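Peer 1: Sequence:
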Amino acid sequence: MLGSIKRLCLVLMISTLFSYAQKSAIYTSDLVDYQKALILYNNQQFKAAQSLFDDLKYNTRDAVMKSDCAYYIANCAVMLNQQNADDLILKFVEEYPTSTKKNTAFMDVADYYFENSKFAYARKWYEKVDELSISRNERNRYYFNFGYSLYSTGSRKQATKYLKRVTDSKEYGSQSKYYIGYMAYEGDDYDTANRYFDEVSDNEKYKEKLSYYQADLNFKLGKFEQAIELAKAQLPNGNPDEKSELNKIIGESLFNLEKYEEAIPYLKAYKGKRGRWNNTDYYQLGYAYYKQKDFESAISEFNKIIDGNNSVAQNAYYHLGESYINLDKKQEALNAFRNASQMDFDLKIQEDAWLNYAKISYEIGNPYQSVPQVLYGYLEKYPKTAFKEEIETLLIDSYITSKNYSEALELLEGKTSFENKLAYQKVAFFRGIELYNEARYKDALDMFNNSLNEPRDPIFAAKATYWRAETEYNLSYYNEALVGFKQFAERDEVKSLPERENLNYNLAYTYFKLKDYNKASEYFNIYINTKQNDRLRRNDAYLRLGDGYFVSSRYNEAIKAYEKAIQINEIETDYASFQKAMSHGYLGNRNQKIIEIKTFINGYPKSALRDDAMYELANTYVKSGEIDKALEMYDRLNTEYRRSAFTSKALLRQGLVYYNTNDNESALRKFKGVARDFPGSGEAVQAVSTARLIYIDLGKVDEYANWVKSLDYVEVSDVELDNTMYLAAEKPYLDNDTDNAIRQFNKYLIEFPNGINALKSHFYLAQLYYQKDLFENAQPHFKYVMEAPRSEYTEQAMVKMSEIYLTNSSWDMAIPILQRLENEADYPQNTLYAQSNLMNAFYQLTDYAKANDYAEKVLSKDKLNKKIESDALLIIARSAIKRGNENKAKEAYSKIQKTATGSTMAEALYYNAYFENREGQYEASNITIQKLAKDFSSYKYFSAKGLVVMAKNYYALNDAFQATYILESVISNFSEFNDVTEAATIELKKIKTEQAKTNSSIETDKN
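In the working numbering, the protein residues as written are 72 to 1078.
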């Protein structure tokens, strides 16, 4: 370009000299300066030239010279890359619109930018050039330069227009054809590209580059053999990037020719675009391995296909499923087939994937939806499938095997075929068992009734009959339970059923609850005589047998039964010993009773019956005339058990002993103590009544009257009315006339709010309200009993009051009552009740340390009920998780798994999988989660959490497809569990960000 500028400047200089030769000498100085400036300009001393032109322009009066100077000033600015260069050119054009240098200025600037590869600037200035004003010998340069500038700035259609004008040019023809061909190649116009490339293929300058493009063109035109030949020829000569692309052309051409084994090394040698493969790249290599039956390698490639949503991805996921099946990895295959079945790019693949997904779901379970739903969904989508009969058979069977009974029942509603009704019978039964194990007895009863309403299978009808009776027993419907057990016993199918094992035991207990002690004893004896191995249940049977004899006054037989229970020594040995002593007493064997009770008191220091025993021993001493021993034992009882229900009774008895021995002063002291410390109790009333007799004997009736006035629960003149009104309420209570009893007790308490029967009335009224689920009505009455001095009703009131608070999740209100119950309970079962509920209440209030402490207390008990043991372990495990003590949690969950059922088992399995993941046992963790999905799919929260762990396992095992697919499924299927979907979203984003480094198909901004 500088050569053209020099030539132009020489012409201008000659013309300028000629012009100035005509002028007067006054301009000679300007001409000299102008010549100096031109010389500097031609020597590329643009800064100096610009300065001189600038001075000259300012001082000269010659208009032509001013115009020429403005032109050169602007041109120098362009050469110097000054910021205002463009503005100076435009200013020159504006100020001198008629200048002959206008078009030359545009061309010069454009050529300058072009030669410096600033094509966007060049294009701007070429666009200003008047094409018709350009000389013929410069037009080809203009067309090529302008065309190339357009090509470089993305205007390929316009570029082609200008480049085509110089295809016949000797200087620019080859270049223009190459670029026209290249633009056609990039625009997927392969025929045009091929034609132009062929025209310059002999040009050494382009030969090497064209080898690659021609190979690629032939590939894209489907001429795979030619593509392979050209690419292989060029492969040794290419740079690393070209070699990568040539390997891809060869590999993919061989792939399309179904020469999969040959294709593999070339496909592997491809480095990807900017170092990243896309889903199609992974698919081709994976499919090539698949066709070679190298399923491990196929999986390794297929499972890198993430975010795929096209026909290639659907095909890949289907063959990924096939590969997993060939390696017997059914859980992994399930996800792959499910994904392929959800795409409709290839309907045949979709249907085949659906079928495989349905069958595998039946085999191993499904963590996303119930197996019956999957099978039913397949039949709905493909009603004319050739596999209809097979899937229908699996569907009916799946209602049972899926164990998701609640959803199965919904699907079975309204289906009338025999097979479906049979399935309904079984599913309703299993759902009933599930609810029974969760202690939801009313719901369980409905399910067993539903099962019995479809008595298709006699075995299940028999089992439902038995478990309905068990449920009725737990609901205290003893008459109904008795009928049910008898109906079960009469069925022919009973002989083969495990429920038969304890039938006599259950019948005995039911008769016992109905107070038919003769029948109860008969069946307890039958059970004892036929069952020799179950020590715990035999122990219990002997206890209840003894109780039946005891209540029936058959004391010798009771003693023998209690002795058998003591020999077994599994449960309640202290109770059997106490009852045995009492039986001797009722037989008149007073000395033996005394011996046995004394032995009991010394032998069972922690027994809840020890205060009972002391009280009985003292009473026995009284009857045998050993007054001193009796008084001593009463004192011991009152000292060791200050809060016992027997304290007030012992004090009263002491008063009566003193009264009977004419020690009136001591008697009055005891009676007044009872009346003061236990107001309103039965003992207080009797103490007041007996004290009245003493005052009468002493002739101190006025003193008695004054004392009684200080007792707000005794009004002497109203005692008879008080008792009469109380009896009017007690009678309907004993007759189970609930509503009438409630009215009468309320009437009594209104009339005698502090009456002598007020305590009992409050307690019975509270019980009646509680039975009717009127908990708010019951509360003030239970509270009255609890706040009164300890009585025989106090402990029951604490239990019921705490139950009300626990039912309403009022943990803060329940805790102080439960703690008091724990410390004051006479019955061990109530102590256990208090501690087990305290562990749960403290857990609910996030006091995990106390929750753990109470759970440990519960576990320290002997012969715990399995359900209570499981609950305590669960609290320990959960508290440990909350406190970050995972080792302790792991140990507790491991123990839970041995006995747990239902939701507890689902939770334990989840944490087992969680700990296995933390320890790097990824495959073992997945097996645990598969069990969770198959056997406990109805517990969706832990199923969903398990899936997140499974995704982590698969990613750790380098299976990105499984990981991302599972996480996406969790996010879309379990939106009701915010914490789970949030965890899944975080994990998914992390995985995709990592995978996007090597896979260009992954979009990381989705999440």
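None of these hints come from the bench; they were simulated from the model.
It is possible that some hints are incorrect.
[Unchecked claim] Once the Cα atoms are required to be at most 20 Å apart in a straight line, the calculated EDC-like pairs of lysine to aspartate or glutamate come out as:
id	residue 1	residue 2
1	Lys474	Glu422
2	Lys743	Glu697
3	Lys694	Asp645
4	Lys189	Glu166
5	Lys162	Glu198
6	Lys969	Asp918
7	Lys1005	Glu962
8	Lys235	Asp287
9	Lys118	Asp133
10	Lys294	Asp269
11	Lys677	Asp933
12	Lys344	Asp399
13	Lys362	Asp378
14	Lys430	Asp378
15	Lys474	Asp1006
16	Lys677	Asp699
17	Lys362	Glu313
18	Lys199	Glu209
19	Lys400	Asp1006
20	Lys294	Glu333
21	Lys344	Glu393
22	Lys969	Glu927
23	Lys455	Glu393
24	Lys586	Glu564
25	Lys669	Glu697
26	Lys455	Glu481
27	Lys513	Glu1039
28	Lys303	Glu367
29	Lys780	Asp808
30	Lys586	Asp563
31	Lys199	Asp262
32	Lys934	Asp918
33	Lys195	Asp158
34	Lys938	Asp734
35	Lys586	Glu561
36	Lys228	Asp262
37	Lys199	Glu242
38	Lys961	Asp933
Predicted model, so just to flag it, every value in this text is computed and none were measured.
Peer 1: To test your reading of the hints: which numbers does this structure violate?
Peer 2: 1, 2, 3, 4, 6, 7, 8, 9, 12, 13, 14, 16, 17, 21, 23, 24, 26, 27, 28, 29, 30, 31, 32, 34, 35, 37 and 38
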